[in-house]
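Please model the entire structure based on the sequences and the hints provided.
Number of protein chains: 2
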Amino acid sequence: MAKEITGRKENYSQWYNDLVVKAGLADNSSVRGCMVIKPYGHAIWENMKNVLDQKFKATGHSNAYFPLFIPKSFFSREASHVEGFAKECAVVTHYRLKNDPDGNGVIVDEDAKLEEELIVRPTSETIIWNTYKGWIQSYRDLPLLINQWANVVRWEMRTRLFLRTTEFLWQEGHTAHATEKEAMEEAMKMIGVYADFAENYLAIPVIKGTKSANERFAGAIDTYSIEALMQDGKALQSGTSHFLGQNFAKAFDVKFASKEGSLDYVWATSWGVSTRLMGALIMAHSDDNGLVLPPKIAPVHVVIVPIYQKSEQLSLLTEKILPLKKELEALGLVVDFDDRDHVKPGFKFAEHELKGVPVRIAIGPRDLENNTLEIARRDTLEKCTIAFNEAPGYVKNLLEDIQSNIFNKALKFRDQNTYKTDDYEEFKRLLDEKPGFILAHWDGTTETELRIKEETKATIRCIPFDAAPEEGKCILTGKPSSRRVLFARAY
Amino acid sequence: MAKEITGRKENYSQWYNDLVVKAGLADNSSVRGCMVIKPYGHAIWENMKNVLDQKFKATGHSNAYFPLFIPKSFFSREASHVEGFAKECAVVTHYRLKNDPDGNGVIVDEDAKLEEELIVRPTSETIIWNTYKGWIQSYRDLPLLINQWANVVRWEMRTRLFLRTTEFLWQEGHTAHATEKEAMEEAMKMIGVYADFAENYLAIPVIKGTKSANERFAGAIDTYSIEALMQDGKALQSGTSHFLGQNFAKAFDVKFASKEGSLDYVWATSWGVSTRLMGALIMAHSDDNGLVLPPKIAPVHVVIVPIYQKSEQLSLLTEKILPLKKELEALGLVVDFDDRDHVKPGFKFAEHELKGVPVRIAIGPRDLENNTLEIARRDTLEKCTIAFNEAPGYVKNLLEDIQSNIFNKALKFRDQNTYKTDDYEEFKRLLDEKPGFILAHWDGTTETELRIKEETKATIRCIPFDAAPEEGKCILTGKPSSRRVLFARAY
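Chains W and C supply the protein sequences, listed in that same order.
For the first sequence, the working numbering gives the first residue as 3, with consecutive numbering after it.
For the second sequence, the working numbering gives the first residue as 3, with consecutive numbering after it.
For the record, the hints were derived by calculation from the structure and aren't laboratory data.
As the structure is a computational prediction, the values presented were derived from the model and not from experiment.
Heads up, some of the hints might be wrong.
Any copy will do: because identical chains look the same in the list, a pair fits if it lies in one copy or spans two.
To be verified - Here are the computed lysine-lysine pairs in the BS3-like style, where the Cα-Cα straight-line distance is at most 27 Å:
(1) K328 <-> K455
(2) K252 <-> K183
(3) K261 <-> K312
(4) K298 <-> K51
(5) K183 <-> K312
(6) K59 <-> K236
(7) K11 <-> K481
(8) K298 <-> K57
If you want it as structure tokens, here you go:
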């Protein structure tokens, strides 16, 4: 198989795009900025969804579904929200087409113009809070803990598969609480759920923290995020959780009768992750041979490739392989027996490497004689030969080892590419020469943040939760700062 | 709990709507024709999705995701498809809003007009076949067996929750094959999957058959459907599968190199079920007390209600109930212990009946003394008292019994409301006085079908696969007919 993947060092961005397309994860579509998620990519996304959905349910959330369309006027209700979300969006203005009298297909029927335009949801706070108004009367209706799996649309000018597309898939949690404290705890709990998922399933180490005011979600009091470091030294925001205060409750007039009898506005959170996580997964671990997938999220754990010349050999191998496949499946693994006859083993090896299957087993006639098989691990590309009957136990352990090795490798990479500096010139030099995370002091103003961004293209990724108090001076202005914040250039 | 559900006999349509809203399944939204699927309704839909998704995968299909938007011109490629689908639809014409200079919120930015309008998908054959063109080159790329779970939009003038909404959720399978025979077999296989699902999970007996030319999917050579009978004697089409021939392959120029070296157009199918199934489920089984859910699809199987006066009694009951709950959960059941303190048992009973929980267990202080508990089944509303330690086995069997009883009841209802007639006057009288399925002869012409529809509001639901050859005369025209077809008034 001619993989034709550009090397990471040659052109990282092209490497990413090659990988996404050639590993069968996604394709550009005929619709500007919209992608097609192909079966293999979708299988990975389904695994992500399943794990997250279980975690949401385990923390007391239920799924629901709200309309795709939002009346235009809803956006104007919350002042900062409209600025952030109601601008670059898909606008539905008509509800009918008719035959072109000139015979050129169909045209918009101008008689079918909507009285009020509908916006294809870029996020659903407004339509959901408009609905919650009817659902919440008393403290007994709270907390309301709801999640939605949905497609959303944001009209992006520059798009990249998974990382930034006009339409993308995501989940958005929207919760309502009786007290400020409870809502703040919820927002914090969910960023914790995301961090746990990123680290223990996607094997991506993340830094949890608070966004600066400038990077806050439009309409939030506070935004928390998890930030991951990609192999090119750029950061990728991988999930956010927002404490919304009473902003949306006030905008949509959602009040509840408290236990004490007062009528109060409800407190809110929202939180989401999207198909962008696919981008994070790919860029965090993969190499020039293709994808490297953590076993906990891989659609196929083990592929078995028979090595043979003649069809009688294949029959003998198949007799041996099928019971092994069953044994591995009994351990809860997804196993692919690749007995395609029209491609050579070398082609298969390259293809399964490209697709990131964590473990490859090869068996040939000599193995039959010796009662052995060859096992190759995708993460390190190491191979070994072991006794046939030891395979199931070996593979089971190997998958666990691969999962933790991938995480540790990414963690080591991040540690090696996280710098501290107190000097603005070094800060700039690092960004150009050794891109990564930079922990530096900042005076806390949006003005300074924007000037640093303009001069260096680096942004404040977050103020890490675990940042130790430390007296220092802002790297740009020299004004006092009480802790370091996390800078990086970002996707 | 004041259920306030209109009786079925009083006003069937109002009964349905009351039930959907009051059992917490769905609500109308502020967006015309779009519904909000509430958590309890969504939980039922998720159960349906999970079963169907497993069945699709077990028959070799993979999930993928295609864009929400379809360029307007795509619809004109297939002549009959455009007539059927590109008319009543949501049209995106602009991609940006801007602040109203008069200060009234946001308005459409006329500078951001799309060159070609985008249609919010009403169904995805066109965008998918446009994509398949890039995926299919040789017979080795076939069959291509793909399913998509998605939202679709059809601009409906008269909407009803679940049954007909502007936006709805569904799955759409789209497969590509090398031969006509294989595609026809696929279309037939999938209508079989739907029938199996309807009967063995939803407990709804269905009739499989072929649609008349007039009722065919726009762009199909043949459409198969499953037809169910609701309690008001109206039919509900519950799933369709289409043999598309080479229509879409020709429209989007999708050819493959055959094994023999020729370049041929690909053969296609598509098939789908939607949140309409929720309507079928509700209307097939429920009664004036609320929902009746088949256990295989119920979000909660068993609810346990403690009967007590004083809080010490609740403590004692709880001690006894928690281990029972665990035991039932170990059997794979979802169990709700309803220990809410602010509502009375009677209120709880009514609420769980409304929500259709298949089994209710009640335990009071006297049961503690006698080591008993009371079990009520939702389908028949029968109650019995049994020994406490027999509960798990009893409940397990009871759930199986409820599942088959619900199906048998619906089957009996259908049998009792299926008529044969050879007389047009009787045909009309039956429709008015004893609505149900009518098996009658038809001359096979669209003209006759449309006249019958106009005169009686009945349509041909399908030509049942198992209709025995039988010489007869068309009920309207007296022209020869070789088998009876299935008529009914329908949703």
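> Hint numbers the structure violates, sorted upward?
Replying inline: 1, 5, 6 and 7
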